[in-house]
Amino acid sequence: MDATVKSHFIPHEPKAPAKSFVLWRPTAKTGLWSWLTTVDHKRIGFLYGAFALFFFLVGGFEALLIRLQLMVPNNTLLTAQQYNTMFTMHGTTMIFLAVMPLGAAFFNFVMPLQIGARDVAFPRLNAFSLWTFVAGAIIINIGWFLKDGAPDGGWFGYAPLTTKQFIPRHSIDFWVMGLQLLGVASIAAALNFIVTIINLRAPGMTMMRLPVFTWMTLVTSFLIILSFPAITIALVELMMDRQFGTNFFEVSNGGMPILWQHLFWVFGHPEVYILILPAMGIVSEILPTFSRKPLFGYPIVVFSGACIGFLGFAVWSHHMFTTGMGTVATAAFSLATMAIAVPTGVKIFNWIGTIWGGHLQMRTPMMFALGFIWMFMIGGFSGIMHSAAPADAQQQDSYFVVAHFHYVLIGGSIFALLGGIQYWFPLIFGRRVSEFWGKLSFWVIFIGFNTTFFPMHFLGLNGMPRRTFTYDGNMGWNTANFIATIGALILGVGIAIYFTAMIYTYYKGEKVGRDPWGGRTLEWSIPNPPPEYNFTVIPTVHARDAFWYEKHHQDEIAKEKAAHAKDDEAHGGIHMPFSSVYPLLTSVGIVIGAWAVSGMNSNPAPGIHAKLAVALVGGAIMFVGIYLWSLEGAEGYHLHLGADGKPIEHDEPAGHH
Amino acid sequence: MSDVTTATAHAPGHSVEESKFWIYVQIAMLLAVITGAEIVAIGLPFIKWSLVTALVILSTVKFMFVIFFFMHLRWDKVFCTILFFIGMVLAGGTMWALLQLFGSEASKPLSAASTTDAPSAFVTELS
Amino acid sequence: MSSHAAAATIDHHHDPTTSTGIPNKKLLMWAFLASDCMFFGTLISTHLIYRLHPPAGNPSPRDVFDVPLTSFSTFILLMSSLMMALAVNAIQKGNLKSMRFSLLTTAFFGAIFLGCQVFEFNNFVFEKHMTITGSILGTTFFTLTGTHGTHVAIGVLWLCLMYVRSFKSAEPQPGDHPWLGNILHAVALIAMILLGMKLVLSFVWGFQEHGFTGGTFGAVAGAQWAVIAGLLVCFGALRWFAGQSGPVQFDQHNAIDVETMGLYWHFVDIVWIVIFTAVYLLEYL
Chain Z
413 MDATVKSHFI PHEPKAPAKS FVLWRPTAKT GLWSWLTTVD HKRIGFLYGA FALFFFLVGG
473 FEALLIRLQL MVPNNTLLTA QQYNTMFTMH GTTMIFLAVM PLGAAFFNFV MPLQIGARDV
533 AFPRLNAFSL WTFVAGAIII NIGWFLKDGA PDGGWFGYAP LTTKQFIPRH SIDFWVMGLQ
593 LLGVASIAAA LNFIVTIINL RAPGMTMMRL PVFTWMTLVT SFLIILSFPA ITIALVELMM
653 DRQFGTNFFE VSNGGMPILW QHLFWVFGHP EVYILILPAM GIVSEILPTF SRKPLFGYPI
713 VVFSGACIGF LGFAVWSHHM FTTGMGTVAT AAFSLATMAI AVPTGVKIFN WIGTIWGGHL
773 QMRTPMMFAL GFIWMFMIGG FSGIMHSAAP ADAQQQDSYF VVAHFHYVLI GGSIFALLGG
833 IQYWFPLIFG RRVSEFWGKL SFWVIFIGFN TTFFPMHFLG LNGMPRRTFT YDGNMGWNTA
893 NFIATIGALI LGVGIAIYFT AMIYTYYKGE KVGRDPWGGR TLEWSIPNPP PEYNFTVIPT
953 VHARDAFWYE KHHQDEIAKE KAAHAKDDEA HGGIHMPFSS VYPLLTSVGI VIGAWAVSGM
1013 NSNPAPGIHA KLAVALVGGA IMFVGIYLWS LEGAEGYHLH LGADGKPIEH DEPAGHH
Chain Y
865 MSDVTTATAH APGHSVEESK FWIYVQIAML LAVITGAEIV AIGLPFIKWS LVTALVILST
925 VKFMFVIFFF MHLRWDKVFC TILFFIGMVL AGGTMWALLQ LFGSEASKPL SAASTTDAPS
985 AFVTELS
Chain W
247 MSSHAAAATI DHHHDPTTST GIPNKKLLMW AFLASDCMFF GTLISTHLIY RLHPPAGNPS
307 PRDVFDVPLT SFSTFILLMS SLMMALAVNA IQKGNLKSMR FSLLTTAFFG AIFLGCQVFE
367 FNNFVFEKHM TITGSILGTT FFTLTGTHGT HVAIGVLWLC LMYVRSFKSA EPQPGDHPWL
427 GNILHAVALI AMILLGMKLV LSFVWGFQEH GFTGGTFGAV AGAQWAVIAG LLVCFGALRW
487 FAGQSGPVQF DQHNAIDVET MGLYWHFVDI VWIVIFTAVY LLEYL
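Sequence order for the protein chains is Z, Y and W. Going letter by letter, the first sequence gives residues 413 to 1069 in the working numbering. Going letter by letter, the second sequence gives residues 865 to 991 in the working numbering. Going letter by letter, the third sequence gives residues 247 to 531 in the working numbering.
Keep in mind that the hints are not guaranteed to be accurate.
Said to hold, decoys possible - Per the computed footprint, the stretches of chain Z lying under chain W, defined by three or more beta-carbons under 8 Å from a beta-carbon of chain W, are:
(1) 518–524
(2) 601–608
(3) 628–640
(4) 646–658
(5) 671–680
Derived from the structure by calculation, the hints contain no laboratory data. By construction, the Cβ of each residue, glycine as well, lies at the ideal position given by its N, Cα and C atoms.
Here chain Z stands alone, though its shape is the one from the complex (with noise of 0.2 Å):
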């Protein structure tokens, strides 16, 4: 790849474009309207880092509600409705609003930082992808403020309770719609990465020069295109019948509830592995940096995380095995979900590859990391003991699943994210996590999850079953619970530690300079925090581990550096994109949209008038959006860097030379 050449697939202006009133670009670095209009990754990136952890907090408050209804027997905390809203909205926003954003937030801050990229491949799409899941997160969360409440049907939204037979009310449609939003969110992000890591690496960065956290990325942004389709496709059809009258679930004129389960599950598995992926890639990352060695058999590692992917669309209907769908069927499920144990099999036994033998540094982020390799395992165990379908007919629906998946995504997912945090802190803002608190809150976040957890795979396997706001007292099922219950506040006591402790380190943190932990990924060869260009030559890589490479043959390096620096003056400087508002514009028409489709009646008047004239506003306003989006052009201008190091900025916009 030739960067100093003028890609001939931009179109390029003659002259500079006279201002005009619409398409103005932006200018302000610091402030709001800076950030509302950003299109920096990093930006980007910590923003969507924000929002998650929010919603993080919010999911969380909602999974203390549930604890606390379940702590003693027959309790009146929460009525059953009010339980069925706490549990559908904890897994919503735990699943939706906290763990795949987090994911995007690392995906957008780190990836391209790996790759020795400027930015994403489409920095306006990359705004327009945060924009509008925040335009989801709104619209799932806005039955909170309403009469009609907020969604209540589960996280899955099992037809025919969703239907508007059973929950006439708005809460589903809030479901609905903000699941759209954030799926056409998410495929935009993923379209976005896969186009970027394809295309923009650095010279001589190979595929299987890739950072493994880059690979996982990939992995994931191939998941999410390829999986979000069917679930948008069942929401659609959800949305139809409740909208419409039309009979995809409808019973009474041919309509088969089961078909719900089959799309959204066709989603809903490789959706997991979309939570999961990049947790591994970034414990790939963690492990090795504190075992001082290179992460035990690359290919293998890389390959594995291909395979889960790949074989994640062929398990889905072992969420069930119990609806009665033959033998045949049932015994194919199970066996391809005994499958996709072995590729996360060799993962583990190559993280323990890279461990063995290496110079362990015990830091925050490496309890974490493996922390996430001995919980994950124990989620996987419970995993495959769901995949034997007749031991399922027992699981299915009762609180040992509920063991496992929050094994496998807290033990899992949160750990290696919180981990991450840790781990990437210095990068984003210059300062460390102090390593007493950072450590305590791992122990205790540690402790708290175990408690909770642990005591549910004997819960379930005595039988109690999920969803269910109360219990008997004569189930045999009380001290588990309570334990589960203490668990659970000590969890969030040790959540509140890590909180706390990273937003004292953001304000008056210790600071610390380039390369902290003594990594090996391009990521720490820049100063910290990043310059908005990222690099001030873009690196040559010759290695896996470019970084490490770079440390150890400096001179070589220096000497390359110094050339380039010199072609990219010659070709004008560092091309930097323009800030945009039409990403946010664009955003804001849909949420309108979205909200008329989702929150206002048909009956009685205004009705069906105001609703449709509501909609088409939010739909001329995404349109106008996206129309001036496409007039004002992928137009950028120029950084030079003077003697200093610091950017001089240039008028011109890029094209014109």
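Go by the hints and put chains Y and W onto chain Z.
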């Protein structure tokens, strides 16, 4: 710059570009003919399965011509083909699996009569 | 401006600034189409699943479908794909006039396809009494073909906007409001397509109801005088805009945008190939 840029006649790629025009037209004619053949085929007195196979094959041929020629995959980097085929194969595989699932004996909906008094029908089936 | 001298030797298949040589927009569109395969795959699956065990009272497709009409619209869509490929070919060689003609023809054929669908839906609902809510066949059929039709409509809109974009002036004069002209141009083109569809459908329905006579022709024309007037106005506007001379900001460098749009359009065509076979033809076996 005038609105019609004259491509230099001696540019090496020029003759290749010129001939693509006729490739496109010929393929369009072929697609039309195949569509006609499909419509004729459904009236022919052959056994159903052979006709289904023939229709599927003819549609696949049309499909492949459009993606490899009109959509240019034949002349583009092979990664584009791989990328699209991943989606296409996955979609086809999922469709096949869903049809197998819903086509199986276990997935046949209960008859209308037994759905109205479902509980007793279920009990009857168990005993 | 060295870049203009390079225009004649652009390699439209290779972008040296990317790691693979594939232009970013092209890669994005192919990835999106892979995703869209799953989208239509699940929707077509829904329809086919519900054809496995149709409930009592479900209309029979053979009684409802009109294969000659659908074959005609299939043929039209295939021809639109040809015109789209020719449009891309033209702009890659810098032939703006040929590209504009091909884009318009593509949009025109796309509009004919949509018109056929409107006619077909109308026929199913009012004559054959199959509605989207009345039966499972109605639900799955209208949702599937309606979603495909929406994709076609988006494509037609995109084609119109691309056509208008090819007139963007290269040297805007101070005091000009080029964006206003662009909007009016786009409105004229889209209005012409919609009005044209309405007029043709009116004639077709008129002939269907009252026979193919001169009297009917006159009656319909009379009733649709506003539409005809609007069409003439739009047509005049389009001729006026097309007649504008002066350099435009649209050349071989924009070919990637036309090609990307073309990929979308061809995909919509191949989805129809699958739908035509799986939804229509297979019912007749």
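To see whether the hints hold, each was checked on the structure:
Only residues whose beta carbon comes within less than 8 Å of a beta carbon in chain W count, and the segment 518–524 of chain Z has 0; fewer than three means the coverage is violated. Requiring three or more residues with a Cβ within less than 8 Å of a Cβ of chain W, the coverage given for the segment 601–608 of chain Z holds, as 4 such residues are present. Using a Cβ-Cβ cut-off of 8 Å, 4 residues of the segment 628–640 of chain Z lie near chain W, which meets the minimum of three, so the contact claim holds. With 7 residues having a beta carbon nearer than 8 Å to a beta carbon of chain W, the segment 646–658 of chain Z meets the requirement of three or more and the stated coverage holds.
Only residues whose beta carbon comes within less than 8 Å of a beta carbon in chain W count, and the segment 671–680 of chain Z has 3; three or more means the coverage holds.
Checked against the numbered hints listed earlier, the structure breaks hint 1 alone; every other hint is satisfied.
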